[in-house]
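Enquirer: One-letter residues, chain by chain:
There are 2 protein chains.
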Amino acid sequence: MSGTSADFSQWSTARLAEVERLLEQWVPAAAPAGLGAAMRYAVLDGGKRLRPLLVLATAEAVAGALPPAGAAAWRAACALELIHAYSLAHDDLPCMDNDVLRRGKPTLHVRFGEALALLAGDALQALAFELLLPPEASLEPALMVRLCRLLARAAGWDGMAGGQAIDLAGVGQLLDQTRLEDMHRRKTGALLLASVEMGAVASGANESALQALGRYGRALGLAFQVVDDILDVTADSATLGKTAGKDAAADKPTFVSLLGLEAAQAYADRLLAQAHEALEQAGLRRADHLHAIADWVVRRNH
Amino acid sequence: MSGTSADFSQWSTARLAEVERLLEQWVPAAAPAGLGAAMRYAVLDGGKRLRPLLVLATAEAVAGALPPAGAAAWRAACALELIHAYSLAHDDLPCMDNDVLRRGKPTLHVRFGEALALLAGDALQALAFELLLPPEASLEPALMVRLCRLLARAAGWDGMAGGQAIDLAGVGQLLDQTRLEDMHRRKTGALLLASVEMGAVASGANESALQALGRYGRALGLAFQVVDDILDVTADSATLGKTAGKDAAADKPTFVSLLGLEAAQAYADRLLAQAHEALEQAGLRRADHLHAIADWVVRRNH
Chain F
1 MSGTSADFSQ
11 WSTARLAEVE
21 RLLEQWVPAA
31 APAGLGAAMR
41 YAVLDGGKRL
51 RPLLVLATAE
61 AVAGALPPAG
71 AAAWRAACAL
81 ELIHAYSLAH
91 DDLPCMDNDV
101 LRRGKPTLHV
111 RFGEALALLA
121 GDALQALAFE
131 LLLPPEASLE
141 PALMVRLCRL
151 LARAAGWDGM
161 AGGQAIDLAG
171 VGQLLDQTRL
181 EDMHRRKTGA
191 LLLASVEMGA
201 VASGANESAL
211 QALGRYGRAL
221 GLAFQVVDDI
231 LDVTADSATL
241 GKTAGKDAAA
251 DKPTFVSLLG
261 LEAAQAYADR
271 LLAQAHEALE
281 QAGLRRADHL
291 HAIADWVVRR
301 NH
Chain S
303 MSGTSADFSQ
313 WSTARLAEVE
323 RLLEQWVPAA
333 APAGLGAAMR
343 YAVLDGGKRL
353 RPLLVLATAE
363 AVAGALPPAG
373 AAAWRAACAL
383 ELIHAYSLAH
393 DDLPCMDNDV
403 LRRGKPTLHV
413 RFGEALALLA
423 GDALQALAFE
433 LLLPPEASLE
443 PALMVRLCRL
453 LARAAGWDGM
463 AGGQAIDLAG
473 VGQLLDQTRL
483 EDMHRRKTGA
493 LLLASVEMGA
503 VASGANESAL
513 QALGRYGRAL
523 GLAFQVVDDI
533 LDVTADSATL
543 GKTAGKDAAA
553 DKPTFVSLLG
563 LEAAQAYADR
573 LLAQAHEALE
583 QAGLRRADHL
593 HAIADWVVRR
603 NH
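Chains F and S supply the protein sequences, listed in that same order.
If you count by this note's numbering, then the first sequence holds residues 1 to 302, one letter each, in order.
If you count by this note's numbering, then the second sequence holds residues 303 to 604, one letter each, in order.
Careful: at least some of the hints might be erroneous.
[As the list claims (entries may be wrong)] Per the computed footprint, the stretches of chain S lying under chain F, defined by three or more beta-carbons under 8 Å from a beta-carbon of chain F, are:
1) 426-434
2) 468-480
3) 502-514
[Said to hold, decoys possible] Label pairs and their in silico Cβ distance ranges:
4) GLY366/S <-> THR178/F: 51 to 61 Å
5) GLN173/F <-> ARG588/S: 30 to 40 Å
6) GLU207/F <-> SER307/S: 46 to 56 Å
7) PRO437/S <-> GLN177/F: 25 to 35 Å
8) LEU44/F <-> ALA444/S: 47 to 57 Å
9) ALA266/F <-> PRO437/S: 50 to 60 Å
10) SER5/F <-> PRO437/S: 38 to 48 Å
11) ASN206/F <-> GLU579/S: 47 to 57 Å
12) SER440/S <-> PRO135/F: 21 to 31 Å
13) VAL100/F <-> ALA339/S: 56 to 66 Å
14) LEU512/S <-> GLY283/F: 42 to 52 Å
FYI, nobody ran anything at the bench for these hints, they're computed from the structure.
The model shown is predicted, which means the values in this text are computed figures rather than measured ones.
A virtual CB, placed ideally from N, CA and C, is assigned to each residue, including glycine.
Construct the entire structure; sequences and hints are all you get.
Expert: Shown next, in the form of structure tokens:
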């Protein structure tokens, strides 16, 4: 993640290497008839991995130390990335956004065909839950239940899938800011909030820390989307790794179309301040990486 | 279910009424932007409900009594039906089977558009896990974990989704019987087996009962598919509630194309005998409804 402190860069590079190693191990090459190859193409070697980093930074912030190998935080980090990857695969399909470029590569259906892209997305969602339910009794059942419940809600009708339905219905419509935020709270916000909550739960956070971290996660999720809308009009496709200007071209409501570019940037800055403030109230053992992630979300150029 | 004993008809009618009531309650009308309507269209008022009946019959066979209201078996019954409904919604999409008729009605994408059909399927998969994870601590965490694990595996890459990938790849190919059975073991068999296993686990079955019930579930799942292939060539669309002859038309390998009609029927009968035999070995408090379901699977006309 460019433009961040050396400490954070070092931390995130190390964590991402381990996440990559685990995803490589857990997304099965053995899935039959090309399904494994499609699942792996959708997940491996690409993306910002923001959700895994949020899980791990939160887990470390609460516990004060790196989660040990085999701990729930690693599984939660990967499960959230699988849900994210499946949502992109389905979102890119011709019947949805019909996008051909993702993470600088042809999208899944361009490479593997629509049917296999659909199935790979479906299988990744199931695999996300499977990751949270290791059979060897290495995790407490009550913890697995809490993690699966957070994931199911964040991914489902009142979370990501619901937000995508609102997004679909909103093309060409004038949404006011309240409805635009409701859409994003579900569409991308729910999974980012779940990343923070699952990381916290994995480290046994108390109720007051969970509340404050929830405020952090919500502010961060909204800031992420505001900045996405800004980058959609200010960055080029090569930098983004996906098609720039597509929301404007698709006549989708965005924070920029609603507020204008300058006010959207100011709004992102206010949300960033809220995120930092919430961290101060969370009583964490260390919050530096979570502060750095918030800074990165708002200052990034892709 | 026509052609079955009066006792079983009465039992299944009563159970299905309760399953319908629970699905009506649990599939949220409140999901935004048409998503709720699409999810409900995909699930409510249709289908044989074979998976819920298998869960409930197994749970009753093990416990010797109807699962009380709020018990895990009811949630498992509904969760499996949600996974089944989502798989049909995705399977009917133009990029898959491109089917327009299902349960005697227009398919989901014909009625709601492809994008919403895709999203409704995605949301139904998440909801299936949510149903198994009620927040009010009414179920033991260890039980929720076992049920979710069985569901995730049955739905995922090594189960249903994997079977669909093999099915896709197999169009126009000559599969031998071993590969055809492997495909069906995953594509429809995994969810039917999981229905039996989840019903058994919900009632606290011991290991030897689980083993025998697993043999029942596997024989039943394969018989179901053999009979599906037979009905595809012998029944008409009105009776089936879906397009007849479509597998043959799509040049898909079937048990009928592989074995011929008579040998396929004889094979279904042998599998039925295996299913009955496994039940005799399971040490159940009552097995009459499970016997009746097996009979129905092989003798049905739709």
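Enquirer: For every hint, state whether the structure bears it out.
Expert: Hint check:
no.: 1; hint: 426-434; in the structure: holds (count 5)
no.: 2; hint: 468-480; in the structure: holds (count 4)
no.: 3; hint: 502-514; in the structure: violated (count 0)
no.: 4; hint: GLY366/S <-> THR178/F: 51 to 61 Å; in the structure: holds, 55 Å
no.: 5; hint: GLN173/F <-> ARG588/S: 30 to 40 Å; in the structure: violated, 57 Å
no.: 6; hint: GLU207/F <-> SER307/S: 46 to 56 Å; in the structure: holds, 55 Å
no.: 7; hint: PRO437/S <-> GLN177/F: 25 to 35 Å; in the structure: holds, 31 Å
no.: 8; hint: LEU44/F <-> ALA444/S: 47 to 57 Å; in the structure: violated, 33 Å
no.: 9; hint: ALA266/F <-> PRO437/S: 50 to 60 Å; in the structure: violated, 39 Å
no.: 10; hint: SER5/F <-> PRO437/S: 38 to 48 Å; in the structure: holds, 39 Å
no.: 11; hint: ASN206/F <-> GLU579/S: 47 to 57 Å; in the structure: holds, 55 Å
no.: 12; hint: SER440/S <-> PRO135/F: 21 to 31 Å; in the structure: holds, 24 Å
no.: 13; hint: VAL100/F <-> ALA339/S: 56 to 66 Å; in the structure: violated, 31 Å
no.: 14; hint: LEU512/S <-> GLY283/F: 42 to 52 Å; in the structure: holds, 46 Å
In terms of the numbered hints stated before, the structure departs from hints 3, 5, 8, 9, 13, listed from lowest to highest.
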